[in-house]
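**Student:** In order, the protein sequences belong to chains A and B.
Mapping the first sequence onto the numbering used here, position 27 (from 1) lands on 41, and the numbers just tick up by one.
Mapping the second sequence onto the numbering used here, position 75 (from 1) lands on 89, and the numbers just tick up by one.
No lab work stands behind these hints: they were computed from the structure.
Errors might be hidden in some of the hints.
No distinction is drawn between identical chains; accordingly, a pair holds when it is met within one copy or between any pair of copies.
The list that follows gives simulated cross-link-like pairs (lysine to aspartate or glutamate, EDC-like), each with its CA atoms no further than 16 Å apart [as the list claims (entries may be wrong)]:
1) LYS236 to ASP171
2) LYS236 to ASP173
3) LYS48 to GLU78
4) LYS186 to ASP147
2 protein chains.
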Amino acid sequence: MRIALLGGTGDIGEGLAIRWARDTSHTVHIGSRKPEKATDRAEDYREELTDRGFDVDVTGSGNEQAAAEADVIVVSVPPQYAADTVETVSDGLDEDDIVVSPAVAMDRDEAGFHYERPSAGSVAEEIATATPDGVPVVGAFQNLAAGALTDLDNDLDYDVVVTGDDSEAREKIQTLAEEIEGIRALIGGPLAVSGEIEGITPLLINLAMNNDGMHDLGIQFK
Amino acid sequence: MRIALLGGTGDIGEGLAIRWARDTSHTVHIGSRKPEKATDRAEDYREELTDRGFDVDVTGSGNEQAAAEADVIVVSVPPQYAADTVETVSDGLDEDDIVVSPAVAMDRDEAGFHYERPSAGSVAEEIATATPDGVPVVGAFQNLAAGALTDLDNDLDYDVVVTGDDSEAREKIQTLAEEIEGIRALIGGPLAVSGEIEGITPLLINLAMNNDGMHDLGIQFK
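Based on the sequences and whatever the hints tell you, model everything.
**Tutor:** Below you can see the structure in the form of structure tokens.
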């Protein structure tokens, strides 16, 4: 399978890219608005993995090319750019592809971080409105801390919740998530319940701010 | 310490009552709109604990009396009655008391359960608006499944997030929560971040509905 990480030069994109490159045989492709930046970062990730003894192929290009060539397109850009980013790559999407939303919209005030629920109900649903009809959209990976993912010395032990209206697409992403060592992926339901999952991320930051010794938090359900 | 569980005849009230009665030396008092129902249920809880070899005292009365005599008042009623219930007992509250909000407002549609955020921001903040000035309000226990709490054969292993604007009150409830075996209590921040915690509860129900073998789910942060 070929995975594109749009905005894959950012920290959550980096984390998913290097985990998939290390733990699976899937092809990982970094996308960016600036192709050169994507190529450079892809080389950084490759080098880090080579230094650790993994001989993997991570490539980079503009977002449009990355999306057109991929089977799974992860929109790992800041939430305010998510829908626009999908629109710019939409010509390269077809019904066999799966668009994945890991983004969360938050704001901060004196009390801490809050979930800023988009009018569509969630960032995942906002992305769905920008995605061509027939191309499945799946929400996943919202509650993973970039700091935990990007540090390959850190053994993961987290749950991910996967939502989507197309159950086949949802199960493919569930499998793809569980191929990362230390991730268990649970089914949350249709895309319309993504808001409750996105809303956990600001809570994770608040907990890290308010409890000594806690950082880069994730969740487990039991 | 004397703990009142207003609406303590319901399942979350029952769960907290029997856990505190079993695991601590605090006095547990069941409140209900109907004093006789509270007395009957208190006897049920006492009998269950006696059968298990615990000699504890659990008493029952009307909500007003329960609140007036208690140091910690847990508003374990359905969310739509939470503010009204606090108003009916407000004459018995003073600045040394702590009002605790474990309630979550949810609705359900064909996609699953959703968090129904009150206009105040959370049920905890809604309760705060109904509580006399100077009486601290703390959010806690929202993400514990009643089914897990009420089954005393079930060893707990869950996190609870505690929010509140009065840090002393918040820490008292943190301690009270951790006195229940198997509970770790984390500080979430001021009361204004309670919504993100309440929002987890519908997700827990959605996960139980969509994943085989999962039920009465709770959460852990790590």
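**Student:** All hints, please: hold or fail.
**Tutor:** Do the hints match the structure? See the list:
no.	hint	in the structure
1	LYS236 to ASP171	both (13 Å within a copy, 8 Å between copies)
2	LYS236 to ASP173	both (10 Å within a copy, 10 Å between copies)
3	LYS48 to GLU78	within (11 Å within a copy, 65 Å between copies)
4	LYS186 to ASP147	neither (19 Å within a copy, 53 Å between copies)
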